[in-house]
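Student: Sequence:
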Amino acid sequence: MEKPPPPPPAPLAAAPAYATQASRPYNPWALVSVSFAASTVIGTWCFGGLIAVITGHVARHQIKRTGEAGANLALVGLIVGYVAIGLFLLFIVAYIAFFVFVFAFAATHATATPSPTSVP
Numbered sequence: 001m002e003k004p005p006p007p008p009p010a011p012l013a014a015a016p017a018y019a020t021q022a023s024r025p026y027n028p029w030a031l032v033s034v035s036f037a038a039s040t041v042i043g044t045w046c047f048g049g050l051i052a053v054i055t056g057h058v059a060r061h062q063i064k065r066t067g068e069a070g071a072n073l074a075l076v077g078l079i080v081g082y083v084a085i086g087l088f089l090l091f092i093v094a095y096i097a098f099f100v101f102v103f104a105f106a107a108t109h110a111t112a113t114p115s116p117t118s119v120p
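Residue numbering for the sequence shown follows the numbering used here, beginning at 1 and increasing consecutively.
Hints may contain errors.
Stated by the list, open to error - The list that follows gives simulated cross-link-like pairs (lysine to any residue, SDA-like), each with its CA atoms no further than 20 Å apart: (1) 64 / 32; (2) 64 / 26; (3) 64 / 2; (4) 64 / 109; (5) 64 / 54; (6) 64 / 47; (7) 64 / 31; (8) 64 / 28; (9) 64 / 76; (10) 64 / 46; (11) 64 / 24.
What the hints contain is simulated information worked out from the structure, not anything from laboratory work.
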């Protein structure tokens, strides 16, 4: 008696389907905050820092309420915004101190002006 042929190999299992994660949308205020924080590096200093701080606080409040993504972006916007405002204020203080020093130095080191001489 002949042996029956071996059964065909089992079909390969299909690759596991990747579960798509439902991504949370980013809070738009967090994006604005981190964008203006980045603009402080370019040179808007206090103006960009103020907007980054205001929008960062708004974003964090909304994210706590709605559960949107972007909490880290809002935090970065707040930190960079506050640093930019602090550096700007430090620059203003140094600017004023420079002129106070110059005027105080000039007042204490006044030189005598030569008196006019009569030329014969």
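Student: Which numbered conditions among the earlier hints are violated in the structure presented, ordered from lowest to highest?
Tutor: Of the numbered hints, 3, 4, 6, 10 do not hold.
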